[in-house]
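Participant: The chain contents come next:
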Amino acid sequence: MLTCQQLTELVTEYLEGRMSLWRRAQFQMHLGMCKHCRAYLHQMRTTIRTLGSLPQEQMSADIKAELLKRFRSMAPPERK
Amino acid sequence: MTDRVKTVEDAAKPSAIGATMRGVPASESDLALVAQLRARVPKAFSDLIDRYHGPLVRLALVFVPSRAVAEEVVQETWVAVLDGLDRFEGRSTLKTWIFRILTNRAKTRGIRENRTIPFSAFADQDGDHEPAVENARFQASGMWGVPPRRWEDATPEKLLMIQEAMQHLEVAVAALPPNQRAVVTLRDIDGLESDEVCNVLEISETNQRVLLHRARSKLRASLEEYVERK
Chain A
1 MLTCQQLTEL
11 VTEYLEGRMS
21 LWRRAQFQMH
31 LGMCKHCRAY
41 LHQMRTTIRT
51 LGSLPQEQMS
61 ADIKAELLKR
71 FRSMAPPERK
Chain B
1 MTDRVKTVED
11 AAKPSAIGAT
21 MRGVPASESD
31 LALVAQLRAR
41 VPKAFSDLID
51 RYHGPLVRLA
61 LVFVPSRAVA
71 EEVVQETWVA
81 VLDGLDRFEG
91 RSTLKTWIFR
101 ILTNRAKTRG
111 IRENRTIPFS
121 AFADQDGDHE
131 PAVENARFQA
141 SGMWGVPPRR
151 WEDATPEKLL
161 MIQEAMQHLE
171 VAVAALPPNQ
181 RAVVTLRDID
191 GLESDEVCNV
201 LEISETNQRV
211 LLHRARSKLR
221 ASLEEYVERK
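Chains A and B, in that order, give the protein sequences.
Letter 50 of the first sequence, counting from 1, is numbered 50 in our numbering, and no numbers are missing.
Letter 106 of the second sequence, counting from 1, is numbered 106 in our numbering, and no numbers are missing.
Just so you know, the hints here were simulated from the structure itself, not pulled from any lab data.
Be a bit skeptical, because a hint or two may be false.
Said to hold, decoys possible - In silico lysine-lysine, DSS-like type, Cα no more than 30 Å apart, as pairs:
no.	chain 1	residue 1	chain 2	residue 2
1	B	218	A	64
2	B	230	A	35
3	B	230	B	107
4	B	158	B	107
5	A	69	B	43
6	B	218	B	230
7	B	230	A	64
8	A	69	B	107
9	A	35	B	218
10	B	107	A	35
11	B	158	B	230
A quick note: this is a predicted structure, and the numbers were derived from the prediction, not measured.
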């Protein structure tokens, strides 16, 4: 039987799908019985999804224009 | 400037472009995109910039001390991508290839900027036992003593609307040890697959998972602290 503390150390292995069938069964059995660990897993999933939504910077327009200019001026590769 | 041009050329040498890269080869759509780039379709390059510029800046920031330097390294990376494009052989995905160029350049630049990071052995150097949740929250039996609460209101959608929460998370990411920060940035913020992350950072799958676990555990704790405070 897994303890709650052990479960918190196995969460990533579980989410990554890297567990043996037996381990996975134990993990899910614990979750089924423990609402605190369900809350923990839920928090972890929320954290991951929030990280995935952090804003990403866009390139400034003038630098992009400069790179595109360079791209356009490049000769196409020679065909082999 | 001369210096910068020189380093760009260095990065574009085939040896620096990762001729030895292994892992997932380029997909059909990847190769189609490369064909468009070789045909010099501007939109293909423009889309590539839009997709990867932000993630590249985030990754560069792990290795170099300031945003200005990170932006510079990313620009150099794009130039190196253009210079190396016609030699890309599709032995890795295009994304991995681009991120590898960035990583190599950013590491070199980080060293030059005197930001020495123990990246050589990217291995986990933070001690063997760094618990996911502090021991004090468990009873001696290993069951929860101070259990986590279900975040009913704090959904990702809601958290995203709160600038303070996002800033709190950004600060927590920046405070991670560099190796953990690099892994969680690539995996969870930039959305790379685990084998892509292993390839970009040249670490084993197990190592990647341990670093990811530690990073995510700390970020959850940090977000919990924020949510509980509100």
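Participant: Does the structure break any of the earlier hints, and which numbers would those be?
Facilitator: 1, 3, 4, 7, 10
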